[in-house]
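This note's numbering puts the first residue of the sequence shown at 1, with every later residue one more than the last.
Derived by calculation from the structure, the hints in this document are not laboratory data.
All figures in this text were calculated on a predicted structure; none of them were measured in a lab.
By construction, the Cβ of each residue, glycine as well, lies at the ideal position given by its N, Cα and C atoms.
Please note that the accuracy of each hint is not assured.
As the list claims (entries may be wrong) - Once the Cα atoms are required to be at most 27 Å apart in a straight line, the calculated DSS-like pairs of lysine-lysine come out as:
| no. | residue 1 | residue 2 |
| --- | --- | --- |
| 1 | K353 | K337 |
| 2 | K220 | K273 |
| 3 | K20 | K234 |
| 4 | K79 | K234 |
| 5 | K360 | K384 |
| 6 | K313 | K324 |
| 7 | K20 | K78 |
| 8 | K390 | K401 |
| 9 | K234 | K78 |
| 10 | K327 | K313 |
| 11 | K394 | K384 |
| 12 | K324 | K337 |
| 13 | K273 | K283 |
| 14 | K337 | K327 |
| 15 | K327 | K315 |
| 16 | K337 | K315 |
To be verified - Taking CB as the label site, the calculated pair distances span:
| no. | residue 1 | residue 2 | range |
| --- | --- | --- | --- |
| 17 | R303 | K282 | 22 to 32 Å |
| 18 | E237 | E212 | 49 to 59 Å |
| 19 | N113 | K78 | 51 to 61 Å |
| 20 | I316 | L264 | 38 to 48 Å |
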Amino acid sequence: MSFDAYHWAKRQQELQEHSKQLALQKINFSSKNSQEKSRYGSIKISQKDAPVEELRMMLHLGQEEIQDITSALSLERKKNYEIESQLQVYKDRCEDLERTNRSLTTLLVEKDNLVSKYVAELALFKNFKPSQGKISMISDLADSINLDEEDVSEEWTAQIIHQPVGKKIIDFSSVKQPNLLDREIIIQDEIEFKKLKRALQETQELYRATSEQLKEKSDKCDRQEEELAALRAKLQETRNDFNSLSSQILRQSSDRDYQSKSILVELDELRAKKSDYENELKKLENRYKASIEQFESDLANSRERFLSLLDSKTKIESEILESKIEKRELQNQLQVKDTAISEMSATIQSYEKEISFLKKSLSLNGKDISKIDQSTEELLSLEKLNHSLKETIKNLENKEKHHLEEIENLKEKIEIYETEQNHEAKVDENVSQQTLQQLSYIILSKDKASSLDSSSSTIIKQVFGDNCMKLIENYEEMLQNLQADKQTLRDRLNYEVEQRAHTLEEVKGLLEVMFRLDSNNREVEYKIKEVSDELFSVRNQLSDDVLVSPKHVHNVFSFRDSEEKLKRRLDQQLNETKELERLKTSLEQQKSEKHRALAEKEQYREDLAQSILIIAELKEKISMIEGTAQNCDLIGFLQCEAAAFEDIFGENQLAEESFSEL
């Protein structure tokens, strides 16, 4: 339904647009016709001055317009034919819808007849006594067929109950009471009634669906009929417009045919007049032929003169052009010379300004030259300093080599001492037990001096003297002092190792600085030579008062740049000399610390030598005591103490080895 409405609306819009276009074409045709009529009215064909070609063009234009109008008419006829064919199609559709409508109405009538038959068959049963429920069921059936409440009345139910079958009328009120067989028949009838009710419901649904479809199709047919009426009215309007246009075009074509016929008549008249004019011209030519020949000869002579004058004119114009070109070239040369003169004057002025500026700069740069001389002297002094620093670094390197050689010698001595100590340790292994026993006797004598025998006391007096207890205490104090010295020496060794590593890094930095100073000194010497040469050349040039060229100006500016670079280089060298002095002081401090460490090492060696001597003396005394069997405990104690001394010496030797490696 929606698609058909949209299609009809679209088609209606197209027809409206087409009618508008036709109206515009009509207006254009009417305006063109009015213009052509006015134009044709303004032209007077009878005059002699009327051109024939213009009339032919008018005829051609009129024929083209007639062709355009005929083509437009053919297009309009085609469109009208299409519209009529579409109208015929819609008419056929409407007829089909009417046929379907009729078939549906016949189906409905048949269904109503079937329902009435079903009700009549129910009424035929003899033992059927309709109750109020049955009558209500019949009324429900009537409602299901979409009948009005007014139609479902008592009369209609009475007609169904007292429906004639043939010529008889069955009265349900006069029916007797049913027996068993009648009851079975009634039950079967009720079952069949239910089936009929279901079939009736199905027919009801079909009836409703068909009625809705019929309503929709009837509405659609009404709308289509309205649209058809509107289209017919528009088509009639377009036909009327078309007829009016065709009548106007026919009138115009008849007018144009009449005009074309009159134009052809006038053309024939003009051709006849033209032939008359040609005959008259021939007569005149024959009459005035001699004068015409003379005029022609005069014309030929005048043409030759004119051509000669043209040649002379072209020559003169070419000479004038050449002179103009030469004049332009001379003007260009003059302009070039003027520009060159102006440039030369500008360069002369710039040179004069530069000369004055250079004189002022020389007068101002006298102080700078003196400063440069001072800086050269300072550079020479710095070179001397650099040379002395090189010598000091060489001496330091030699001293370092000497110290390394001494350290290697000390390592060799320590190795020799270790071998001797190992040999002595092997020799004294047996003696240590005896010395420990002797020392144990000494300890016993410290606590229980009164319990000692006379022989043991005499032995102790022979070995250690009268005050042997104080000697042992002093020896223990010496051991404690040696351990403390050992700890301090270890700390000192670690500190010396760190200082040595730091000094090595600083020496590497000094060497790198020295290499840089050597390279920088070479560059500075080279720059000083260049600057001195430039100064000498500039002084000579200014003394002779010669004009300064751009090359000289460039030399002066390059001298300034080199002077600034020299100043920067001098500042850098001063900073490097300060750094060298700081490194010198740090080296001297390291040297003093190194001497102090060597002195402490020598003192430690002396203490070791003293302790070795004391141990040798103790060994001798123990060897003297070994002869007696009473001193076994003392010898064992002394052996224990000797082992403790050996451990202390081993730790001291390890410390010395680490120090020597550093």
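Each hint tested on the structure:
1. Restraint check: the Cα-Cα separation between K353 and K337 comes to about 24 Å, which is no more than 27 Å; the hinted pair holds.
2. Between the alpha carbons of K220 and K273 the distance comes to roughly 77 Å, so the proposed pair goes past 27 Å and is violated.
3. Of the pairs offered as hints, the one joining K20 and K234 holds, with about 12 Å between alpha carbons and a cut-off of 27 Å not exceeded.
4. Proximity of K79 to K234 is assessed by CA-CA distance (about 13 Å); at most 27 Å being required, the pair is judged to hold.
5. Using a Cα cut-off of 27 Å, the hinted pair K360 and K384 is violated, with the two alpha carbons roughly 37 Å apart.
6. Straight-line distance between C-alpha atoms of K313 and K324 comes to about 16 Å, which keeps the hinted pair within the 27 Å bound.
7. For the hint linking K20 to K78, the alpha-carbon distance of about 17 Å falls within 27 Å, and the restraint holds.
8. A C-alpha spacing of about 16 Å is found between K390 and K401, which places the hinted pair at or below 27 Å, so the restraint holds.
9. For the hint pairing K234 with K78, the CA-to-CA distance comes to about 16 Å; that is within 27 Å, so the pair holds.
10. With a C-alpha separation of about 21 Å, the suggested pair K327 and K313 falls inside the 27 Å cut-off, and the hint holds.
11. Straight-line distance between C-alpha atoms of K394 and K384 comes to about 15 Å, which keeps the hinted pair within the 27 Å bound.
12. Taken as a hint, the K324 and K337 pair is honoured in the structure, with Cα atoms around 20 Å apart against an allowance of 27 Å.
13. Simply put, K273 and K283 have alpha-carbon atoms about 15 Å apart, close enough for the 27 Å limit, and the pair holds.
14. Our distance criterion of 27 Å between C-alpha atoms is met by K337 and K327, whose separation comes to about 15 Å.
15. For a cut-off of 27 Å, the pair hint linking K327 to K315 stands: about 18 Å separates their Cα positions.
16. For the given pair, K337 sits about 33 Å from K315 by alpha-carbon distance, which is inconsistent with the 27 Å threshold.
17. Distance hint check: the CB atoms of R303 and K282 are about 26 Å apart, consistent with the given range 22 to 32 Å.
18. At about 38 Å, the CB distance of E237 to E212 disagrees with the hint of 49 to 59 Å.
19. Checked against the hint of 51 to 61 Å, the C-beta distance between N113 and K78 comes to roughly 53 Å, which is consistent with it.
20. For I316 and L264, the Cβ-Cβ distance of about 59 Å falls outside the hinted range of 38 to 48 Å, so the restraint is violated.
In the structure shown, a violation is registered for the earlier hints numbered 2, 5, 16, 18 and 20, in ascending order.
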